[in-house]
Amino acid sequence: MDMNEIKEIFFQECEEQLAELESGLLRLNDGDRDPETVNAVFRAVHSIKGGAGAFALDDLVSFAHVFETTLDCVRSNKLEPTQDVLKVMLKSADVLADLTNVARDGGSVDQARSAQLIRELEALAKGEAPPAAEAPAPKAATPKAASAPKPAPVAAAAAPNDEGFVPVAFSFDDFGGEEEAAIEHPAYEVIFKPKSELYTKGNEATLLLRDLSRLGEMSIHCNMDSLPPLDQMDPEAAYFSWKVSIKTDRGEDAIRSVFEFAEWDCELELIAADAGEGADGETEELPMQPVPFDLSALDEEPHAPLGVVEEEEQIAAAQAVTAAQTASNVVQMAANASRAAAADKGAAAAAAAQNNAQQASAAGQTIRVDLDRVDRLINLVGELVINQAMLSQSVIENDSNGVSSINMGLEELQQLTREIQDSVMAIRAQPVKPVFQRMARTVREIADITGKSVRLVTEGENTEVDKTVIDKLAEPLTHMIRNAVDHGLEMPEKRLAAGKSVEGTVKLTAKHRSGRIVIELSDDGAGINREKVRQKAIDNDLIAADANLSDEEIDNLIFHAGFSTADKVSDLSGRGVGMDVVKRSIQALGGRINISSKPGQGSVFTMSLPLTLAVLDGMVVTVAGQTLVVPLTAIVETLQPDAAAIHSFGATQRLISIRNSFCPLVDVGRILNFRATQANPVEGVALLVESEGGGQRALMVDAIQGQRQVVIKSLEANYTHVPGIAAATILGDGRVALILDVDAVVAASRGQPLHLETSLAAAG
Amino acid sequence: MKKKVLTVDDSRTIRNMLLVTLNNAGFETIQAEDGVEGLEVLEDANPDVIVTDINMPRLDGFGFIEGVRKNEKYRAIPILVLTTESDAEKKNRARQAGATGWIVKPFDPTKLIDAIERVTA
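In the order they appear, the protein sequences are chains A and B. Quick note: to get this note's numbering, add 268 to the position in the first sequence (first position is 1). Quick note: to get this note's numbering, add 263 to the position in the second sequence (first position is 1).
This is chain A alone, in the form it adopts within the complex:
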């Protein structure tokens, strides 16, 4: 793994954190005051900042830093997360997302916008948090009472905060002329007296001294005067202190930084050698023996935590301490102790390890898999399904008895294949949550531009659907949301006049219904102005001036190409994208879209989409000797036409009367040019289908072969687009069958030529 791959991971992680951030902020916005929610939000920004810092993404770091600081105020209850505060934060989350995208893909962000938000965030942090409140609590900075036998009050007082080491005048006379005579580098005296805490926090005097020795030539004297008799000795207390003379050109700071981790837990005195000259003989109280310091011994010894001492070993350890003459002896002692402890605990540790492994595997775990691999698997399972169907068919053809063990085995195989297929599809299934969250941002932006106050309510965001469907859902949804806010909701004053709350509500819900996902987008706006829509349609020659249309039909006019009721083209709708494009992209996903609207109460758009684009439940039919598959979702019912129910209409049109209403009859064989003349309806079967605009048509086919699930194979990918055909599949007998594009066929029957756009383009 190299840095580029880690960077890739970082951006993936950013996306997750941004989603986490947004959903957390939205929960806070809804009044959630769970501290864990605030923490999660804080962590998300913190994580992004941390990673961005590692890659020197400075813009991202500095924005995240300001954001984090403000969030920290919320976290520590210095800032109340009111709606106004959250509004700023949600916008900041958007900017953070933009900055992340720019860091990944290049480009530029709206500098003015982020600068403005930085100011707002800083104002929030300052307004509620006086600088004094941000200073560390004094208690935290106070050193713990020293439990070392001889705490030196001067040194303890000299460390009131983390940087506050104050050198204390120190006198010595034992170290004199000979060291100073050889000076090439400045010489320092270091008195290092660890407290017990130093060891309990995992620091090691020997390691620190080793580190120190790397700075230059030094000699060490160990003072063991405080060592009590064995029976009074606490094996975990600190009894030794060291006096080090070192010559280094690295300066005092380098010496201090060696003790950086230990400065609270030891008494440390550091004096430049010349500063100490002439002082009186304090060292007489601490007579020191020169100790040979064997660095190589230190390096060879295994790591030996002094704190690890079992009861039994305490005696041994204590004896070792009594016998200790040198610093390296201490290391030896501890090493023995830890080795013994390790042996004792071996069995227990092994048992505990097993326990832990079991616990770990019980927790819910996820793995990240490359999408290509999943797709390959899905493709292979598709082949398996086809192969299994072919095998079944040839066994049936060759086995006239029908009840053989092979047949039973095949049935089981079929069952298993189906289950494998479902499981594989489930891998691709993902909750619609990310798309819904993106909509929250869209709503905020449009609300800002239009000056409307809007609340987005989402429901069922954990509803799962194939990833391909999710990816392709974002664009039409975004456009519909724009429409809902821009055209659907009224301006605040109008809402007030209509007795509604100033804040408009846009609701987005997802649910599973009979093997499809149904997404509903509703608003509590004014509803569709049917008069206006009708007039517009007449003006645009979409309908005749005297056309008699039902309310539903009028509503559905908005899906016609180039239709727009906005009096003036606004920022949002002026993008040349109309509801017809939305409808077409939904249809391209094998979905349907409908609208229902109540004047004064709002509109509801209902989209119904397949859960996957890889398989389809279809009705296998015969048309002029060809086998076709009609998507089951399009079929309302099938019927055997009665000669009396067929009525001619005009030169070529025919109608079928079904329960006292007339429905145009569409000869599929004619439309697809499978035959030159119209088939006799009485000899075939009529499939009643619902087509775009809600109207029904009866598709004439010759016969129904059966229903089955088919694996969709894209025609575009393997051949080329064929008008009226959505995709292809391979049937059990190995033959290719074409999947009918119902809407295209219906449109063609109305006299419109078969268009290239209307197809299940995404199929397969």
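These are computed hints drawn from the structure, not numbers from a lab. All C-beta atoms in this analysis are idealised placements derived from N, C-alpha and C, irrespective of residue type, glycine included. Among the hints, erroneous ones may be present.
[Stated by the list, open to error] Computed spacing ranges between beta-carbons, pair by pair:
1) A:A985 <-> B:T373: 47 to 53 Å
2) A:P496 <-> B:R321: 40 to 46 Å
3) A:G719 <-> B:T373: 51 to 57 Å
[To be verified] Straight line, CA to CA, 27 Å or less: simulated DSSO-like cross-link-like pairs of lysine-lysine:
4) B:K353 <-> A:K346
5) A:K394 <-> A:K355
6) A:K275 <-> B:K267
7) A:K394 <-> B:K353
8) B:K374 <-> A:K275
9) B:K266 <-> B:K333
10) B:K333 <-> B:K265
11) B:K353 <-> B:K336
12) A:K775 <-> A:K355
13) A:K800 <-> A:K866
14) A:K804 <-> A:K762
15) B:K374 <-> A:K515
Assemble the complex: chain A is given as a structure, and chain B must be docked to it using the hints.
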């Protein structure tokens, strides 16, 4: 024998950076995603040194350090804390929980390895 490092961090990015840096420096690396997991794998991992983040879900760095120090076997293991700024308050809290030292993020490989060497034999 390779020294074993247990890293505890909820950020996948940081986990990977730690992994690469430590492996390149010849350490054996065991990773956990938060304090709870860190404590779970502790016995199994039997590390020589621990590097932990502070801000984590479920159990943060302070809680994790306290948990490690409660364990008889690991109460003197060196624990290094990853902090973003040289935040004195955080450093202090970490120290009081029993941290041995700290590494300021964004860490560079040298800083990380230096700090680890400083606390391990």
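Now for the hints, and whether the structure bears them out:
{"no.": "1", "hint": "A:A985 <-> B:T373: 47 to 53 Å", "verdict": "holds, 51 Å"}
{"no.": "2", "hint": "A:P496 <-> B:R321: 40 to 46 Å", "verdict": "holds, 44 Å"}
{"no.": "3", "hint": "A:G719 <-> B:T373: 51 to 57 Å", "verdict": "holds, 54 Å"}
{"no.": "4", "hint": "B:K353 <-> A:K346", "verdict": "holds, 18 Å"}
{"no.": "5", "hint": "A:K394 <-> A:K355", "verdict": "holds, 17 Å"}
{"no.": "6", "hint": "A:K275 <-> B:K267", "verdict": "holds, 25 Å"}
{"no.": "7", "hint": "A:K394 <-> B:K353", "verdict": "holds, 21 Å"}
{"no.": "8", "hint": "B:K374 <-> A:K275", "verdict": "holds, 20 Å"}
{"no.": "9", "hint": "B:K266 <-> B:K333", "verdict": "holds, 23 Å"}
{"no.": "10", "hint": "B:K333 <-> B:K265", "verdict": "holds, 26 Å"}
{"no.": "11", "hint": "B:K353 <-> B:K336", "verdict": "holds, 26 Å"}
{"no.": "12", "hint": "A:K775 <-> A:K355", "verdict": "holds, 19 Å"}
{"no.": "13", "hint": "A:K800 <-> A:K866", "verdict": "holds, 14 Å"}
{"no.": "14", "hint": "A:K804 <-> A:K762", "verdict": "holds, 23 Å"}
{"no.": "15", "hint": "B:K374 <-> A:K515", "verdict": "holds, 24 Å"}
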